[in-house]
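J.: In case you want the letters, here they are:
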Amino acid sequence: MKEYLLDVWNHSNSRARVVNIVVGVAAALIALYLVYSIFSNLFDFRFITGPYGSPDRSSIFSALEVEASDPRWLGMLKGAGNTISVVVFAIALSSFLGLAVGVARLANNPILTRLGKVYVETFRNLPLLLIMFFFAFGVFRALPQIQSRTGIDGFFYVSNRGLAIPWLEPTHSMWWIWPLVLVAAAVVAVAVRRRKDRQEEETGQSMRGNTWAAGIFLGAAVVSFLALLLPLRLTLPDVAQSESGFFTYAGGNQLGLGYISALVSLTLYFSAFIAEIVRGSIQAVPHGQVEAASSLGFTVYQRFTLIVLPQALRIMIPALNNEYQNANKDSTLAHVIAYGEIVLISNRIVNNAGNLLQTYLFIFLVFIITNLIISTIMNTINRNVQLK
Amino acid sequence: MTTVTATSQSTLAERVAWAKANLFNSRGNSVLTVVSLGTAALLIFLAVRYVLFQANWGLVAINRRLFFIGSYPPDETLRIWIAIFLVVGLISITYGIWSGRLRPYLMVIGVIAAIVLTLGLGTDVRIEAREFTDVIQAGEQTTTVSGINNVLVMEQGWAPSWLYAISLGLAVPFGSTWLLMAAVFATLAAGAWVGQRIAPWRSNPIMLQGLGALWVLLIPTIVLLQIGVSSNSWESAFLDVLVFVVGGFFSFFIGLALALGRISPYASIRVASVGYIEVVRAAPLLVWLLFATFLQDELGPIGESFSSIDLVYRVMIVFAFFGGAYIAEVIRGGLQSVPRGQWEASQSLGLSSMQMYALIVLPQAIRAVIPAIIGRFIALWKDTALLAAISLVNTLEKSKKILSGQTDIAEGAFFEVYIVVGLIYWAVSYMLSRLGGAAEARLGVGQRR
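Quick mapping for you: the protein sequence lines, in order, are chains A and B. Under my numbering, the residue at position 266 of the first sequence is numbered 266, and the numbers go up by one with no gaps. Under my numbering, the residue at position 196 of the second sequence is numbered 1196, and the numbers go up by one with no gaps.
Okay, chain B solo, but in the shape it has when bound (with noise of 0.2 Å):
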């Protein structure tokens, strides 16, 4: 590209001037521009005109709930409000320590929350159940038939309904959900600006142990705050977090000790790890996924009492399992890039083959392979949607049972609600994949040639 660049201060003349170098400077370019620029208007065009006019997003803000949580009793959803604020919380402060920016930052969180909590004041959507009648004539013969048919009725609030529709449905009404909503996004805001502030101290080892802790110890936190809960219950994007917080921390551990097994100076642990490392990599989760749900008493006791915990804790077993062979993968590559010289200096100065993989081995060999981890952990989440196949609610097959039970009022409304699904997927994925973006910029990883 030439160097004419084009910024927001840029006067009609320069513009011009960039346009040509850019866009029209040859007559291949020229067709390529207004190609692409004619499917891009169209593919706008179309959106715009979907979302904002032809969408019924009633059907997704009626069912707001089940997409989030499903059928998660009521009365204990603080539960998992606790485990958002910690989430949320933990995410901001970090966020804040570790980026200098955060005007960017407050910006998208300011426009979600814009769009999240004041679009929807005043909206309310209910079914109701209205009496018909038709005559059908058939020949001679007219018959009556009534009945009750389920209407999906909207009202709207302040917000003019094409305004609404930027928010999918997806914009909250007045109430208690509302409140805490609005504490989630302060939260952000606020946990990014305290993160900055103490951010002068983030070499600071107690604080970087103590931030690390409370990574750590989140996740137990968030599977302690569900006992009592039956695991029935758990559904939607909800069990789609669980499964992937809980099988990708375990399988981070599960991976690294492969890899260490894979390095091992006994013959047998190498073989052993590779292995299993090999077996499990050669079939698809889907295959282990469903084997794990049909496992009876085949494989004898040790099956048996597999087969006798919950199909969810199973589940998760087996993200950890498949996920910590193909994390191992990743973390020998990272073992592999330490300069040999490493090795023998922290042999050389004595420190024993613990110390020597503690302290300095392994924090070169994992910090040099972040975004490749967090590139398995985010197929790890879009694995999740797999457990659709095998009779757990997740929010892939509940986005299904909606399109299938409702329909009364959802007939031939899939594309609302694969959007809304397809968001919450998509949404944390790119920002998993954002966060690799940035650990590979920050490490320098993708720099060296």
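Excised from the complex, chain A in its bound form (with noise of 0.2 Å):
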């Protein structure tokens, strides 16, 4: 008998048989015994149509503010969507600081390069949930107070309630077909682009790739929002008072100092770390690119935008993605600082309902979903900047 075991573990099919058979059935018993205990309380779903039960005001859209009576799987979706609003500014705006903060570290002037280097190295290296309270708990609340109408008077104030911006509001309810007319005269102008970019290949003969699609977008833009009898129109905030005295702001739009900060800490974080990501990408083309764009009689700015930038995305773009999807889940930690995102959302509704298995499998869900969203825009960029 243990000459047979022995046997069948020396020999690398069956040992692999083993193996196989011996891990799998441990797997599926870690997951079958998950499953189970996820079930037996999962199966109960009727807690997410309860109210959600307290009113938060910390979205920048009015759409995304969650009502007491709100049910619970309408307060998670808004939380999720609170997510995104701040991820997206926050992947927009780090990129680009960190876009000129990586190209400043290597500008040829070492003043610059050093400013550049102490940027990168303080906010590298500091915990993003710092920087977060710093700003939540102590720049923000030490801003004065709204009756003193810091800012721009009439356009834009700044106050320890947070900051008043001019916003775009609906005149009807029918504003939302505007959005898809640009969506649609954007992908019509891309085309038109590609095409007319095509034919200027094959001809020789300059066709206009770029005006023509501006001219489609703007185009559509313009004659759309008239014919849609003028969908959006601007407000513009105003600091008011209440007749119990009280101040508030009136129009614009209000961004909230959780919102602000998670907005601002997110953005600084990270584009320290794009910075350096875009550094190490221009350093990666070789420098003989260089000498000879510098030889073909390229001024410093055509070097850099028709030579070195193109090939440097090619190496950029995996780890952007990579920084990109960090960004989205570390915007989790604004929940610390009462941003009504996803995570206090579902905290707020673990506290009351307790079912926390369910929910926080939709906040997985949202990640895995965001994520993958993330990584398929990347990944699709990164298919049309690869050499073919």
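In short, the hints are calculated from the structure, not lab data. Among these hints, one or two may not hold up.
Unchecked claim - Away from chain B, derived, C-beta distances all over 12 Å, residues of chain A:
id, residue
1, Glu3
2, Ser54
3, Ser85
4, Val158
5, His172
6, Ile177
7, Glu202
8, Ala214
9, Val222
10, Pro231
11, Thr248
12, Arg314
13, Leu387
Stated by the list, open to error - In silico contact screen, one side only, chain B against chain A (beta carbon under 8 Å); selected entries:
id, residue
14, Leu1037
15, Ser1268
16, Val1287
17, Ala1388
18, Ser1433
Stated by the list, open to error - Simulated DEER-style distance windows between Cβ atoms:
id, chain 1, residue 1, chain 2, residue 2, range
19, B, Ser1305, A, Leu361, 19 to 29 Å
20, B, Met1431, A, Ile368, 31 to 41 Å
21, B, Ala1017, A, Tyr301, 24 to 34 Å
22, A, Gln205, B, Gly1333, 42 to 52 Å
23, B, Leu1037, A, Phe247, 34 to 44 Å
24, A, Tyr301, B, Ala1182, 54 to 64 Å
25, B, Pro1073, A, Ala16, 52 to 62 Å
26, A, Ile368, B, Tyr1313, 21 to 31 Å
27, B, Ala1013, A, Gly215, 53 to 63 Å
Where a beta carbon is used, it is the ideal one built from N, C-alpha and C, also for glycine.
Need the complex rebuilt from these two chains, each delivered in its own frame; the hints are there to steer you.
T.: Have a look at this one:
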């Protein structure tokens, strides 16, 4: 018997089968245990129709503000929307800032290079949550009071309650058609530009692809804006005093302390990482490319935008993909500074209803889906910039 | 950049030539120089003015203990000091063995020691209760309000206040802490010196393995030193360090196991490893931490026994398993960088797969990714700040408590507190990143194109 077992163990095929069976059964048991314990709680999904309970006004979009009477599932969806509305702007802003700092670190000017280095080393080595605390409990709390009307009067205010900025306000209920028209126009414009570019390549004559695309997009935007009877209008913020003497913002849009602190901190923190990615990618472009461009008489600006940056993008994008997904996940920290994103809403539901597994499964799904979206977008861009 | 270089021995003419070649060689660059010089000057001016003349460092000085060990029982602090001496001794000896340059190291230690040990001599900070009476006039009526105000009183020692401000309130007055700090700095200097003395034997396997064993034993020792102290009293920077050290230590081994699992010849192990890594990495650390905090009986008996563990230990477990998933990906990259020929050669030499990994593959694989592993450790260190989100009192949460609990003396002084807390987090990350840079340079990982 013992010899037979040894034989089985020493023969690679039968050993593989044994190991696979043992590990497979163990993993299946663990999975079964988890599924069983999840389902023994999870079958109960009645809690998601109950009222959310307390209002949350930290969103920047009035449609995403959670009302007390909202069912819990709607609250969670709005929380996910709030996560996305901070992540999208944070990614966009930190990319621009990171590009600027990354390029500054490679500038021919030693002072600018040092400044860039100090910026990167400062924000890269501090915890994100500390930066958020610093802004939320420090800087923004220390801002002047709302009555002082600090800012550009009638246009932009800053106070210890947040920022008030000009905003677009729908004038009728069908306003949402306009953004859809914009997306459609953008798709058409890109297609036209691609066709013009192809013709330009074939015939050698300038077809003005960019001009055509811009014309189509802007034309469609203006025409549809007029055709839809001006669906949006600009509202400017103002400081108003209620009858009971309280000061509030009226008009425009109010960006609360939670949102602003989260946005500023995510931007500063991730721009430092993106700056390092940009620097590394630009340095990885062979120096011969720069020299060749110079000897062909390219200006510094042309050399950078036409030769260096397109090649650096190829190296940059996989790393940026990673960093954007990190930014998405790290936006959860904003719940500590009372921004009503997905974790804050879910935690309140867990506190009230106690359905931990279901709500956390939802958070999990939100991050799997949003990260999948980010990586799909980045991989599409990656395919387009790679050498074919 | 042009070849004109400027050093401390350069003449004025050479410096002017360098500036002309690098700072004012074109109109655009001149504008950049002026703008960035102006920005830098403004930033430095504001920082210096704030640190030396505006900030109230007495607030930091009186809470110095809270920043580092929080409410750790005062009679038991010797345990922490022993741990500090072990860590400091081992770090300095290792530094001395592997770095040939002792002078810059000693200079940095000397400057820090001078700031911490001399500037605080004779300073006395205390909170005094002072009676106050205020006359409030509202219309016709006048009301007299009297009560007791807590006031921060700071008596300066020999150093004028602006000089003391350089230490950000961290300089210690003479006493037992002063003596122990002096001993720490002395150990840092002496350890490096000893390390340099014994450096010639660094390729001796006995010494190498001995040092490695000491490093591996260090972490259990630090933890064992805490037996008998309730985990409720682990607070502030000490808590951060403890969670980081324990979590980081175990995450390395979990990551190693997972990375090897990913390339295992057995399909089931491969699938299980990949599944684990992907699931853990899909959700943010904060979500895992909150889940570990909230979990009660939802996952049956396993969840129940998990939730009966002390919160601090649960957090350490989450850190180890979360960090492990990321380190596994890093080590996988290292394994892929080992040339195929190395595996084939060790197989054709008849090594068992255990020998192949332990002697041939892993040393090369881990060597290649040491900078990346250090990068993961930096991230893990910064993640310890998240403990503030789950009701554990780490440095960040302590700063919040100081600001909200001492409103009479800390009103509006958030800047001072966050600067010191930021410095604690920043210093460790920066040292680790320098370590990563040094490892990269030494191993030549980043040099290959």
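J.: Each hint needs a verdict: does it hold in this structure or not?
T.: Outcome of the hint check:
| no. | hint | result |
| --- | --- | --- |
| 1 | Glu3 | holds (21 Å) |
| 2 | Ser54 | holds (19 Å) |
| 3 | Ser85 | holds (17 Å) |
| 4 | Val158 | holds (18 Å) |
| 5 | His172 | holds (40 Å) |
| 6 | Ile177 | holds (36 Å) |
| 7 | Glu202 | holds (38 Å) |
| 8 | Ala214 | holds (29 Å) |
| 9 | Val222 | holds (37 Å) |
| 10 | Pro231 | holds (37 Å) |
| 11 | Thr248 | holds (25 Å) |
| 12 | Arg314 | holds (15 Å) |
| 13 | Leu387 | holds (18 Å) |
| 14 | Leu1037 | holds (6 Å) |
| 15 | Ser1268 | holds (4 Å) |
| 16 | Val1287 | holds (6 Å) |
| 17 | Ala1388 | holds (6 Å) |
| 18 | Ser1433 | holds (7 Å) |
| 19 | Ser1305(B) / Leu361(A): 19 to 29 Å | holds (22 Å) |
| 20 | Met1431(B) / Ile368(A): 31 to 41 Å | holds (36 Å) |
| 21 | Ala1017(B) / Tyr301(A): 24 to 34 Å | holds (28 Å) |
| 22 | Gln205(A) / Gly1333(B): 42 to 52 Å | holds (49 Å) |
| 23 | Leu1037(B) / Phe247(A): 34 to 44 Å | holds (42 Å) |
| 24 | Tyr301(A) / Ala1182(B): 54 to 64 Å | holds (57 Å) |
| 25 | Pro1073(B) / Ala16(A): 52 to 62 Å | holds (55 Å) |
| 26 | Ile368(A) / Tyr1313(B): 21 to 31 Å | holds (29 Å) |
| 27 | Ala1013(B) / Gly215(A): 53 to 63 Å | holds (58 Å) |
In summary, this structure violates none of the numbered hints.
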